[in-house]
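Residue numbers (the working numbering), protein chains in the order written: chain A, 1 to 96; chain B, 1001 to 1413.
Calculated directly from the structure, the hints in this document are not laboratory data.
No experiment lies behind these values; they were computed from the predicted model shown.
Treat the hints loosely; a few may be bogus.
[Claimed, not checked] So the derived list for chain A, only partly shown, Cβ under 8 Å to chain B, looks like this:
| no. | residue |
| --- | --- |
| 1 | Q15 |
| 2 | L42 |
| 3 | E43 |
| 4 | N45 |
| 5 | K47 |
| 6 | T71 |
| 7 | E72 |
Beta carbons: idealized from backbone N, C-alpha and C, even for Gly.
What follows is each chain in one-letter form.
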Amino acid sequence: MKIINCPLNGPRNAQEFVCAGEVVEEPAQDAAIDAWADYVFLENNLKGVVHEWWCHVASSYWFIVTRDTATEEIIATCPPADFLAMQKETKGVDGA
Amino acid sequence: MPLGLLKYGIRRKYKSERYFPAAKPLRDTYDVVIIGGGGHGLACAYYLARDWGITNVAVLEKGWLASGNTARNTAIIRSNYLTPEGALFYEESMRLYRSLAGELGINLMYSERGHLTLAHTDAAIRTSRWRAEVNKHLGIDSALVLRDELVKLCPELNLSEDVRYPVLGALYHPPGAIARHDAVAWGYARGAMHRGIEIHQQTEVTGIRNHGDGSIELATNRGSITAGKVVQAVAGMSSEVARMAGIKLPIRSVPLQACVSEPLKPFLDPIIVSGSLHIYVSQSARGELVMGGSTDPYPLYSTRSSLDFTEGLMANMLELFPFLQKAKVLRQWAGIADMTPDFSPVMGLTPVRNYYIDAGWGTWGFKATPVSGFCMAETAATGKPPALIKAFEFERFDRFEQVGERGAASVGH
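Make a model of the complete structure from these sequences and hints.
Written out as C-alpha cells, the structure is:
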C-alpha cells in the first residue's frame, strides 16, 4: 500500500485519494478554440517528474503532488497556495 | 515410439526451417518506417506488402517482437461495442481474425467462447439492451439475456441474490473469442518478412526530425534513418514518441494489470465480463483463468504489479465464482494503456506531413490488431485514411467531436 502525505490530514492510504491530472494553466475566456481544445483534451503525459492535482476524497481537500511517473515515487506534496507562490517566484526569476 | 521420433529427428529429409528469415543489416533509407514491432505495427507491415506492394519497409522495435502490450493483454476478441463507428470497426476486425490462421499459416488458437457482459443494475440492463439493439442493427450477433438463460450459458456463475451486486442479466455476444496473442504477432511478422520487409529488434528511436521535402529523419541507437513515411504504433509510449515528432496527444498512460490462476480443470466456457465489478475472466486452453480488471487509479509509466489490484480483483472474482477461494494466482503483470478521453483510438493523419499515428489503444487494442494494421497500411500507402477509421482521426478533438465509446472494456455504466 502506498502512503501519500496529505498537507491537511497527514500520511494516508493512497486509496483515499484521487488524481485529477497535471497542473495546467486555463486559457483566457476569449482564447481561440484550439487553445480550449488543447486545454480540455490534450495531455503532456510526461514520463518523468510531474506536478498534479490530487484530492483527499473524505475531506474534499485539493492539493499538489510532485511525482515521478517513471518510478512511481512521490517526491513532494504541498497546499495549492504554496505551489502557486512557488510558480510565481520561478516565473519572476525567468523574467516571464 | 521414442525410437521412431529419434529417427525422424536425425533424417535429413525433414530439415528444420527457421521460423523467421535471417535479419538483414539496417539501411539508411526506407519508403516506410513503422515504429513499434507489436501486433499493430507488424500487421500494418504485412498489409503494406500484401495489398499495396510496398516492401521497402522497416519495422523498428526497441525490445523484442511483441514484447509490449501485445503480450500483456487478456486476448479477448469481440465486436459488441456501443457506437456504430466502434462496432463496425471491431466487426471488420473479427471478420479478418476468422480467416487469419489459415492465411498466416500459424495456429492462433482462435476459440469462439461466447462473451457475457454482466448487468448488475437496472441502468446496466438498459445499456445492455441499447448495445444489443445497436449491434443487431449493424448485423452483429448480440442479445440481452436474463437469469433464466444465463444459468444455461454459464451454470458455474453465482446467481445468488445474497451478494453485494446480484446478477440481473447480461449482454450475450456468441462470437466473442479468445486467441493466442503472441502467435498473431509472429504470424504477421513472418508474413511481412517473407515478402521482403525488414524487422529490426533492439532498435530504439531516440529522435524525430521532419525535413522540408516531406521525408522524416529518425535518430536511433543504431544510427540515423531517412523515411519517406512513418507509422507510429507504440501503444503505451505513444505520448513520448509523438513528443519527439512535436505532437501532443489526448492520451494518459495508465497501467492495466492482469493475472492468471494456476491451471484448473476446464469449467468456464464463456468469457465473463462485469463493468460494475470491474472484472473480465476467461479460461485458457491450458486451464488457467486469465483475469483482468480496471486500469490503475493514476497515470504511470511503470509496469509494476500491485497487491491492491489483486486484492480488489479477487474480492470481485469470489463474488462470481465462490468455489475459487482456494485457487492460487500463478503470475501477475501490467501493461501501459493509452487512455483517451472518449475510449476510442487515435488513428490516421497527424499535424506532421507523412507521419501517421496508430495510438490510444487503451484496453481495446488486441482485438483491433488485424483491422488497424489493414487501415494503417492503406493510410500510409495512399496518404488517405479509409472511411472505417474516419471517426477516430486525431482532428476530432479540435472539433469537440469525440466518439464516446462506453462499450469499452471495464467501463462502468
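Verification of the supplied hints:
1. Q15: 7 Å, holds
2. L42: 5 Å, holds
3. E43: 5 Å, holds
4. N45: 4 Å, holds
5. K47: Because about 4 Å separates A:K47 from the closest Cβ in chain B, which is inside the 8 Å limit, the hint holds.
6. T71: OK, holds: A:T71 within 8 Å of chain B, min 6 Å.
7. E72: 5 Å, holds
Of the numbered hints stated above, none is contradicted by the structure.
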